[in-house]
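J.: The chain contents come next:
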Amino acid sequence: MPILMVKNLTKIYESGMIIRRYIEAVRNVSFSIEEGEIVSLVGESGSGKTTTANIILRFLKPTSGEILVDGKDIWRDIKTFEELREYRKRVHAVFQDPFSSYNSFYPVDRVLYQALELLDKNPKSPESKSLIEEALISVGLEPKHILGKYPHQLSGGEKQRLMIARCWLIKPKLIIADEPVSMIDASTRGGIIELFEKLKEEEKTSILFITHDMGLAYYISDKILIMYLGEIVEQGSPEEIISNPKHEYTKNLIESIPTLYRRWE
Amino acid sequence: MWLTMFKPLFKSRKFLVSISVFIFIVLLGVAGPIVYPVDPTGYAGPFERPPSREFPLGTDTYGGDLLAKVLNGTRTSLYIGFLTAVISMSIGIIIGPISAIKGGIIDEILMSFTNIVLTIPNILLAILIATYLKVRSAEVIALLLGILGWPWFARAVRSQLLSLINRDYVKLSRMAGYSDLRLAFEDLIPGIATYAFMSFILFINGGILGEAGLSLIGLGPTKGVSLGLVLQWAVLMEAVRRGIWWWFVPPGVIIVALTSSLLMITTAMDEVFNPRLRER
Amino acid sequence: MNNLILQVENARAYYIVENNYIRAIDDVSLDIREGEVVGIVGESGSGKTTLTNVMLMNIKKPLSFIDGKVSLFSNGRVIELNKIPREELQKNIWGKETSIIPQSAMNALMPTKRIKDSILDVMKTHFEEIHEKEIIDKAKTRFEEIGVSKDAIFRYPFELSGGMRQRAVIAVATLLNPRFLIADEPTSALDVSTQKMVLKTIQNLREKGIVKSIAFITHDIATVRQIAETLVVMYAGKIVEISPMEEIIREPLHPYTKGLLYSVVTPEPEVKKRGVYHIPGAPPNLMYPPPGCRFHPRCKYKLDICKKDEPKLKIINNRKVACFLY
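Chains as they are written, first to last, in this note's numbering: chain Y, 156 to 420; chain P, 8 to 287; chain G, 154 to 479.
FYI, nobody ran anything at the bench for these hints, they're computed from the structure. Think of the CB as a built atom: it goes at the ideal place given N, C-alpha and C, for glycine as much as any other residue. Hints are supplied without guarantee of correctness; some may be wrong.
[What the hints assert, rightly or not] Straight-line alpha carbon distances no greater than 25 Å define the calculated SDA-like cross-link-like pairs of lysine to any residue that follow: (1) G:LYS425 / Y:LYS304; (2) G:LYS214 / G:ARG230; (3) P:LYS21 / P:PHE31; (4) Y:LYS304 / P:ALA163; (5) P:LYS141 / P:ALA163; (6) G:LYS426 / Y:LYS304.
[Unchecked claim] Far from chain G, some chain Y residues (derived; all Cβ distances over 10 Å): (7) SER187; (8) GLU199; (9) GLU288; (10) SER310; (11) GLU357; (12) ASP368; (13) ASP377; (14) SER411; (15) THR414; (16) ARG417; (17) ARG418.
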């Protein structure tokens, strides 16, 4: 059974008091993610990929359609606060902007404490302390250089690693990674990508990788979904999509991506 | 957390100067009448005397001791300003967040109401209400100014909360299973706290100036003394034309010093808390 | 080898912030020759934007030009740009001899003015007297040459799409046929499909002889690779490698170039085969750059000498690299 199943998801935004206007941000989207699979959702800004992510994360109610995580409909079957907390342990996220992921009033340790509290552990206990150090080391951070610092004292790459350390503690079944490396300098990007691959290999975590970068999607994913104007216009394995795109939009997109080892005609 | 937040303030010279001026005036208002226990409404002696050893700030047309009037007036003005701020703030801090969090039709209704209050010409309504009330205590004036002052604050709080709620760190706290209440206390309130604090100062300012304005047109408190009332009498008795400077200069100076120190406190805070400057 | 068009010699340009020097450009030398497209690549904080400002001698506080020489070669004359006052540069050099396409079109065009009026404003800084009709005719021709409808000059910037707007900026920047054009990340704010179009437009500028040479500044090697013949790699305010494009892609010499090149992810089978690398650590604070080679704290090939001595650019065949390994 797939970890995540999205069936006929549609989200329509309404605006205006008297004259109603409707914007279809997501239209009839269906896909699924198996255990230990990395699936990329590729699209430009405004294609509806972030709206899809927000619905799966239960921040936004869909207009219609179903989202099943482990066979449970996340908008119908989760009713109590406790059930929602259980869901948060199973599905977590890493966001695009490492600066806005941290509240500048608190030391960065807070994101890890929050994770431990979600697991009903006392963040100050000795057990938690060793869990935190273990998680930091596993994402390539030196605990004594990180703990107690404020967000502006860390680099973007370090902050994003710390977000992955948080996932490392929670060990969710599914991570929604919304453009997690697009704001990181190229030379440090590879390290973050490696960490997602490590989560997949070692913990069998499934990842929905949301990106506008076809190269990245090609490199990291088992399956690529191409989203355009709210719809999934094409899906397939990375090789299929790159070598044999079918939809006009995909064809145009792939032709436009600058390649490193070939020069354009 | 609060300590690290406010520490940089005390490095700002602008802030230190303005807060010293403000504290000095507050001390004048609070301790002054105790140190100089003369009845501000009684007859102290001769009419319209310039400052002397006996009457440090002179006397007015009715022989009232002006130092006593100014000290007690400062106290009343501060009291009205503070009370106005509390009232405006309480209304704004309820309406803004409800509007932001509930959204939908509740948001629309509350914001329409806020906009209506915002478009009412404040001073006009204050004049209307004040003329109906024959007896006006300091509290009534504060209530009047407070009820009219909150809309811009409610709107600002609402829009700030709307942008905060969509920040990634708020989403991450929600994903950590935070309850709404905990979210509000840990992530939302600190985010608007400095803004609310600055608004509170501006509200005090608005209260003090509002009282002075109402008093000058004869609609101030009907009993007691306030800086506005002292000025009103000075105007009525044509103190300016007749050169009785000791009547209108001290209360004027205090109002100007008070309001400009408050404004300077907020600009200094703005400079310190501006997130772009804090980043470095 | 072709004639020189612009030469930067041992230039230093520092930002002065609260009595501290941020060594944004430190002892940088670079030749731009006629008919060449030079790619300058570096990450944020590498000094590539400062280098553009030095090439134009557009020095504004807090940036200050410490020493070095920037020479422009024009019809057999050598003009030392670093000795010319700003007003004169503005009047006689910028737009006529050297020009720049900025990162965001929105910064270049006044949003409240029709493009035509922006063009006339620019011309007024160059000439005492202008013939409106002549200039507009010229602009129309240039717009057509670049592939934008000539009616676009009567529109406001917001009426054009992102790609059109960027090409309009290119047209305005090259109106007086400058010999040397700097493109500072001209495509990074655009969608992938528009990026290609704009890139082709810039390429055509040289082919049509509108400009002689181009310096293309970017953080994205895959983009610059499509257009430049020579690649200049910058790190922490220094040039670490200069090489013909094909050779550097095939075999990067400097350890930083290697790390940067192998961290590029494009949808190509070669990328999957070699994997995605990363360089540990972060670029240094340019207020206190490390002694010796500025890359040594992050370098896995570092020698003892790297911590003490600064490597100079060494010539290896037709390439240059600043590293003690060679």
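J.: Any hints this thing doesn't respect? Which numbers, in order?
T.: 1, 2, 4, 5, 6, 8, 10, 12, 14, 15, 16, 17
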